[in-house]
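My request is simple: use the sequences and hints to build the entire structure.
Taken in sequence, the protein lines are chains Y and X. Under my numbering, the first residue of the first sequence is numbered 1, with each subsequent residue one higher. Under my numbering, the first residue of the second sequence is numbered 1, with each subsequent residue one higher.
Please keep in mind that the hints were generated in silico from the structure rather than gathered at the bench. One thing to keep in mind: the hints can contain errors.
Unchecked claim - Subject to a maximum C-alpha distance of 25 Å in a straight line, what follows is the list of computed DSS-like cross-link-like pairs (lysine-lysine):
#1 Lys232/Y x Lys219/Y
#2 Lys12/X x Lys288/X
#3 Lys218/X x Lys137/Y
#4 Lys288/X x Lys92/Y
#5 Lys12/X x Lys137/Y
Listed below, chain by chain, are the residues.
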Amino acid sequence: MTTNHTNHRTNSSGPPLIQCRRLTKTYKKGDNTITPLQELDLDVPTGDFLALMGPSGSGKTTLLNLIAGIDRPSGGNLIIGGTDISTLSRSKLADWRSVNVGYVFQLYNLVPVLTAYENVELPLLLHSMSAKDRHEKVQTAMQLVGIADRHDHYPRQLSGGQEQRVAIARAIVTDPTIIVGDEPTGDLDQESAQAIMDLMVQLCEDLGKTLIIVTHDAKSAAYAKRTLHLEKGRLIEAAVLAARRAPLVPQEA
Amino acid sequence: MIAPKFMPVVFKQLWRHRVRSVLTLSGVAIAMFLFIAVQTLQEGVRRSTQAAAGDTTLVVYRENRFCPAASRLPQFYVDRIEKIPGVVSAVPVKIVVNNCRASLDVVTFRGVPRENLGGPNGWASKWQLISGSVAEWEKRSDSALVGETLAARRGFQVGQSFDASGITVTVAGIIRSPEAQDQNVAYVHLDFLQQAAGKGGGLGSVTQFTVRVDDPAKMEAVAEAIDAEFRAEADPTMTSPEKAFVAQAGADIVEIVKFTQWLGWGCLAAVLALVANAIVLSVQDRIKEHAVLQTLGFRSSLIARLIVSEGMLIGVLGGAIGTGIALSVVHFGNFSLSQEGLSIGVSASWSVLVWGLIISAGVGIVAGLVPAWRAGRREIASCFRAV
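In structure tokens:
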């Protein structure tokens, strides 16, 4: 059984930071129409740490991309911080992203010809500020993620964990409201993954950010305040999920 | 186009594929070298053949003759020409060349009466003497005042003797003149050249008269009056403005140089194709990277401008190298195209340099437009799905 559009709203007093209403996404692939997300309703309050789980093709990355403003819904509304981002023009949406969203990719996606410092500085180039202010912000972000000593290193000179720290620094350097991560630990060994998740939790709590990650890894998901499961483009009730898992638990006499 | 703070990103993207960038730069430099070389030729032709509003010089030649060896006019015509209303002065000139055909290295002797070259109002008064002296030229009958271009090309020094077409002269001075014709000749005494040339006509025979009129507006009327004066003579004349005469006598060269403008356009097309190819390849390699930049908040238009800047930078750098080399070769090579004893100077000017850089930058921008437009309109999510 899957839920429809009434089940994942929070009961906080103020309006939630993120409001998804009947959010739908379809796209063409050859002659086929793919619907990775179907009429999904979701509220995410400010400061939440949400983990999205589900099998491949369940729509979790699509939902993440919609919330991050790098994809557009085919139907429904997506209101973030009071702005319906589904109505923004392409350039306005880019401006909105540069202020409101920090994105952490599974494969880091650092620009290989730029140093760690320059990679972190990239999003700040879009903002009107002096070179001195940029420098201070980059220094602060790199110190926060523990790679201040890797300024002049190129991505190829860094380990996977260090690259992901640079990517996190790049995501937080503009002080966005929302940080999203698409399998941020998916390419890391267990130790590095744990360190990255510790870092993300710490940043979320210290900086008051709203954090949403997509993960296949239950250990990573365990760091989140809430975990939501998707299947075939819909959210699955926790109770339904528990019921599915129940037969796997040995029954006591 | 883009803020300076983004330029390091553009530079580093070009540096990313060094070999490709260097090869593209080399191609652009070679093409721009050829383009600029063609432009200097075109400019030389323009300067030598396009009439200016203030032109007051006519050339009187033997009718239906264009080669100095074939144009023989009696020297005494000078008195009759000077009497024609509007004529300020007429100078008989004997011309001997070592090669009548089109060539890059022609030695042209111009024999001029002593009184017309020296003195306060003589031709030498409008020249800058780089070395030697006019007085020395006046003293010695076999001396020559040599144009700077000819002297540099042949390595002539003051006091040195040289031989061309069987005529031996000694360099009395080296001159610099704004006129291309003066830059590439050796001015000698008229009577000396008439005797030395032998078969060319001997004493009393000249190649042409150089006539100055008092008003540019009277050029045509004076030319007609001169030709009318000698129409019934055994040696009729054909008078035309100096630059028109150069254009007519050097018609072969002018036609060839005009044709080379197509080579110039071809060079620009080559630059366009080279830069466009490099940018297309570069953009294809970076589909995902551009999607990442857009994710960070880079607008599509900014991505496009970054890509166009790469094209412009390649164009400007390659153009600067090619233009610089071309202008150096032209400057130090001291080339001039000569035909029938007339010279078309191949010279470099600052305007050619500036235009070279502007054109190469413009071509670089145009080359980057299509890949930039395509990169800018890609949807971010589809880029991530595609890679």
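query = Given the hinted pair Lys232/Y and Lys219/Y, is their alpha-carbon gap at most 25 Å?
reply = Holds. Lys232/Y to Lys219/Y sits at ~23 Å (cutoff 25 Å).
ask   = Between Lys288/X and Lys92/Y, is the straight-line Cα distance small enough, at 25 Å or below?
value = holds, 21 Å
ask   = Given the hint that Lys12/X pairs with Lys288/X, does the C-alpha gap stay at or below 25 Å?
value = Holds, because 17 Å separates the two Cα atoms, which is no more than 25 Å.
query = Given the hint that Lys12/X pairs with Lys137/Y, does the C-alpha gap stay at or below 25 Å?
reply = holds, 22 Å
query = Quick one, are Lys218/X and Lys137/Y close enough, alpha carbons at most 25 Å?
reply = violated, 77 Å
The structure is inconsistent with hint 3 alone, although it conforms to all the rest.
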